[in-house]
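Chemist: Each chain is listed here by its residues.
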Amino acid sequence: MTRRGVVLLVDDDPAIAEMYRTGLEAHGFQVRILPDAADLSEAVSELHPDVLVLDWDLPGVKGDEALERLRGTDDGRSLPVFMLSNFPGTRNGVIDRVFRAGAMAWLEKVNTRPNELAAKLARALGMEAMPSSLDAERSDPPLPGGAISPEPAT
Amino acid sequence: MFTRSFDQRTITSWNEGAERLYGWTRQEAIGQPAAELLCSEYPIPLEEIEQELLRSGRWEGNIRQCRKDGSPVTVAGRWGLQTDPEGNPYAILEINSDLTTSLQTSERLSQTEERFRLLVSAVVDYAIFMLDPGGTVISWNEGAQRIKGYSADEIIGRHFSIFYPAEDRASGKPDRALATAERDGRYLEEGWRVRKDGSRFWASVVITALRDESGRLRGFGKVTRDITEKHIDEQRFRAHARQIAESESAKTHFLDLAAHELAGPLTILRGYVSMFEGGTIPPERIPEVARLIEGKLEQINLLVAQMLEMGRLEDGRLDLHLETFDLLQLTIEEMAKLRPVADKHDLAITESSVSAFVKADRTRIGTIIANLIDNAIKYSPNGGQVSCQVGAEGSRAFVAVSDKGLGIAPEHISLLFRRFSRLPTEANKRIPGTGLALFLCREIAHRHGGDLQVRSGPDGSTFTLTLPAAAPA
Numbered sequence: 001m002t003r004r005g006v007v008l009l010v011d012d013d014p015a016i017a018e019m020y021r022t023g024l025e026a027h028g029f030q031v032r033i034l035p036d037a038a039d040l041s042e043a044v045s046e047l048h049p050d051v052l053v054l055d056w057d058l059p060g061v062k063g064d065e066a067l068e069r070l071r072g073t074d075d076g077r078s079l080p081v082f083m084l085s086n087f088p089g090t091r092n093g094v095i096d097r098v099f100r101a102g103a104m105a106w107l108e109k110v111n112t113r114p115n116e117l118a119a120k121l122a123r124a125l126g127m128e129a130m131p132s133s134l135d136a137e138r139s140d141p142p143l144p145g146g147a148i149s150p151e152p153a154t
Numbered sequence: 001m002f003t004r005s006f007d008q009r010t011i012t013s014w015n016e017g018a019e020r021l022y023g024w025t026r027q028e029a030i031g032q033p034a035a036e037l038l039c040s041e042y043p044i045p046l047e048e049i050e051q052e053l054l055r056s057g058r059w060e061g062n063i064r065q066c067r068k069d070g071s072p073v074t075v076a077g078r079w080g081l082q083t084d085p086e087g088n089p090y091a092i093l094e095i096n097s098d099l100t101t102s103l104q105t106s107e108r109l110s111q112t113e114e115r116f117r118l119l120v121s122a123v124v125d126y127a128i129f130m131l132d133p134g135g136t137v138i139s140w141n142e143g144a145q146r147i148k149g150y151s152a153d154e155i156i157g158r159h160f161s162i163f164y165p166a167e168d169r170a171s172g173k174p175d176r177a178l179a180t181a182e183r184d185g186r187y188l189e190e191g192w193r194v195r196k197d198g199s200r201f202w203a204s205v206v207i208t209a210l211r212d213e214s215g216r217l218r219g220f221g222k223v224t225r226d227i228t229e230k231h232i233d234e235q236r237f238r239a240h241a242r243q244i245a246e247s248e249s250a251k252t253h254f255l256d257l258a259a260h261e262l263a264g265p266l267t268i269l270r271g272y273v274s275m276f277e278g279g280t281i282p283p284e285r286i287p288e289v290a291r292l293i294e295g296k297l298e299q300i301n302l303l304v305a306q307m308l309e310m311g312r313l314e315d316g317r318l319d320l321h322l323e324t325f326d327l328l329q330l331t332i333e334e335m336a337k338l339r340p341v342a343d344k345h346d347l348a349i350t351e352s353s354v355s356a357f358v359k360a361d362r363t364r365i366g367t368i369i370a371n372l373i374d375n376a377i378k379y380s381p382n383g384g385q386v387s388c389q390v391g392a393e394g395s396r397a398f399v400a401v402s403d404k405g406l407g408i409a410p411e412h413i414s415l416l417f418r419r420f421s422r423l424p425t426e427a428n429k430r431i432p433g434t435g436l437a438l439f440l441c442r443e444i445a446h447r448h449g450g451d452l453q454v455r456s457g458p459d460g461s462t463f464t465l466t467l468p469a470a471a472p473a
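Chains as they are written, first to last, in this note's numbering: chain A, 1 to 154; chain B, 1 to 473.
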């Protein structure tokens with residue numbers, strides 16, 4: 001199978017992280033796992049991932065805050081980031097904050113199978129000819145598979 | 001007014017007033033003997049009256065007489081002696097005014113007053129009393145004595161602020177009440193008041209400003225009723241309503257938590273199932289993944305069982321299916337089910353455990369043990385030993401589940417078994433849970449005549465389920 005890049009997966013539930021690792025590796029990704037986002041920027045500088053999959057409801061630093069910090073670093077400024085969480089993101093404006101911090105999508109974990117995640121990551125990395133570009137995806141209605149597209153910036 | 005001759009005692013003049021009073025015309029009256037015509041009854045013999053007239057020239061007294069139609073009339077007589085220039089008496093001037101009308105009026109008035117006084121004084125359900133403009137008690141009734149405990153002797157002359165709790169007196173509430181009554185005409189309130197013995201009662205109070213015809217404030221009427229029972233009923237009702245509202249919001253919160261708790265295991269199940277379908281699972285990992293799925297299903301099952309059990313408990317449909325079984329065997333089975341989700345933990349039955357038979361609902365006791373083990377795993381996120389000790393002590397069989405986990409602060413112990421309550425610690429927020437399991441476990445233990453207790457310290461917690469011991473089947 002072709003090498004398709006390094007995914008940094010941040011999730012505090014080891015069973016869930018392991019499940020996605022299994023699935024993403026089957027699709028050719030290399031997967032690195034972090035249990036929390038406390039040292040996210042350092043990990044990004046060290047591991048040079050091609051894409052970041054970030055849980056929102058993490059111990060200590062939450063996903064949107066971790067992402068904001070990451071965007072302030074050289075290595076993290078333009079890294080594609082997917083939020084993947086079972087947290088009800090519409091609550092307390094979490095989704096809005098996440099998109100403002102620069103996430104590409106909010107994916108509902110329970111509705112995101114590893115092959116679906118793999119497809120989204122591949123598309124984001126431009127590794128496969130896909131019918132729609134990332135920009136087209138941004139303006140689409142809510143994606144199948146529980147994804148919610150970012151709202152236009154206001 | 002009429003005159004009569006002194007010697008003959010016959011009427012010599014008769015005016016219109018006399019005609020109106022007695023009904024006799026002047027023609028009919030003149031020449032008639034006055035005493036006989038008017039059937040007069042004097043308070044003292046007529047001779048003595050005449051002697052008094054001769055002595056002082058005047059006499060006053062009440063006389064009962066009758067009119068032409070025979071009806072009685074009482075008159076106030078003011079008599080004067082008429083004398084000629086030589087000083088010889090020749091006539092008596094009788095000015096008699098009707099007392100009957102004014103007597104009846106004042107009698108009626110005093111009867112009304114008496115009835116009213118009786119009414120007020122006899123009312124026992126209401127304290128009805130009067131205050132002077134400064135707030136001093138000036139009247140008291142039976143109800144006031146009954147409600148407030150003071151007799152009239154004890155309280156008349158005291159300031160009414162004595163009925164208020166100390167904090168109200170300190171804040172000037174009694175004076176404000178009077179000021180309000182004076183300004184608005186009345187003051188209405190429900191509040192605590194103090195009896196003579198210091199006990200409190202919940203009072204409904206009306207203070208009414210009493211003004212005379214000129215508008216001058218003469219004092220206050222105060223009507224107080226003891227509605228403590230009604231108040232307590234209302235408090236109970238409100239507390240009940242609050243409880244229902246809290247329980248409703250707790251249920252909503254529970255649904256949130258339950259959804260969140262289900263989402264994790266479902267994510268994993270769905271992920272692996274899709275990989276089985278896609279054939280992307282390395283074959284050597286299949287046994288391990290299958291065990292993990294089994295463990296996650298067990299967690300989901302526990303939650304669903306909790307929800308069902310909760311529904312049965314609330315509907316009163318929780319029937320126990322009793323059978324005799326060995327707690328040790330059951331504990332071994334439940335531990336085996338959860339082992340796959342405890343990869344960081346060392347699950348073990350202590351070596352000193354022995355068989356302990358109980359007659360109980362095996363499925364439900366199994367659920368309690370599974371919940372205790374599941375909790376022990378979840379609340380010791382850094383791993384460590386989770387051990388179960390099974391045995392019997394006297395007439396009680398027990399299972400004690402110990403972990404090396406976060407421990408529970410003493411002030412949180414009482415929250416543990418409360419329905420839907422989750423401990424408000426930062427570490428806990430990381431751990432999914434509905435706050436229902438322990439409540440249900442203890443509830444079901446109680447229904448077996450058993451109990452669920454916890455001991456906790458900084459190095460971990462032990463939950464002990466006790467049940468009445470039974471002979472082996």
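You may find that some hints are simply not true.
What the hints assert, rightly or not - Cβ-Cβ distance ranges computed for the label pairs, FRET-style: (1) D346(B) - G60(A): 57 to 65 Å; (2) R100(A) - T228(B): 53 to 61 Å; (3) G60(A) - T228(B): 47 to 55 Å; (4) E68(A) - D346(B): 57 to 65 Å; (5) L297(B) - E46(A): 45 to 53 Å; (6) G93(A) - H253(B): 45 to 53 Å.
Claimed, not checked - Heads up, incomplete: computed chain A residues facing chain B, CB under 8 Å, no partners named: (7) D13; (8) I16; (9) A17; (10) Y20; (11) K109; (12) R123.
No lab work stands behind these hints, which were simulated from the structure alone.
Note that the Cβ used here is the ideal one computed from N, Cα and C, for glycine as well.
Chemist: State for each hint whether it applies.
Modeler: Consistency of the hints with the structure:
For the pair D346(B) and G60(A), the supplied restraint of 57 to 65 Å is violated, since their beta-carbon distance comes to about 27 Å. Between R100(A) and T228(B) the CB atoms are about 58 Å apart, so this pair conforms to the stated range of 53 to 61 Å. Range check, G60(A) to T228(B): about 54 Å between beta-carbon atoms, so the 47 to 55 Å window is met. Between E68(A) and D346(B) the C-beta distance comes to about 40 Å, which lies outside the given range of 57 to 65 Å.
Remark: the range hint 45 to 53 Å for L297(B) to E46(A) is contradicted by a beta-carbon distance near 38 Å. About 20 Å separates the C-beta atoms of G93(A) and H253(B), a value inconsistent with the hinted range of 45 to 53 Å. Annotation: interface hint on D13(A) holds; nearest CB of chain B at approximately 6 Å, less than 8 Å. Given hint, I16(A) at the interface with chain B, holds; its Cβ is 6 Å from that chain's nearest Cβ, closer than 8 Å.
Of the supplied interface hints, the one on A17(A) is violated, with its beta-carbon coming no nearer than about 10 Å to a beta-carbon of chain B, more than 8 Å. The interface hint given for Y20(A) is met, as the beta carbon of that residue sits about 7 Å from the closest beta carbon of chain B, less than 8 Å. At a threshold of 8 Å, the smallest CB-CB gap from K109(A) to chain B is about 5 Å, leaving the interface hint in force. For R123(A), the interface hint is violated, since its Cβ never comes within 8 Å of a Cβ in chain B; the closest pair sits about 18 Å apart.
In this structure, the hints that do not hold are numbers 1, 4, 5, 6, 9 and 12, in rising order.
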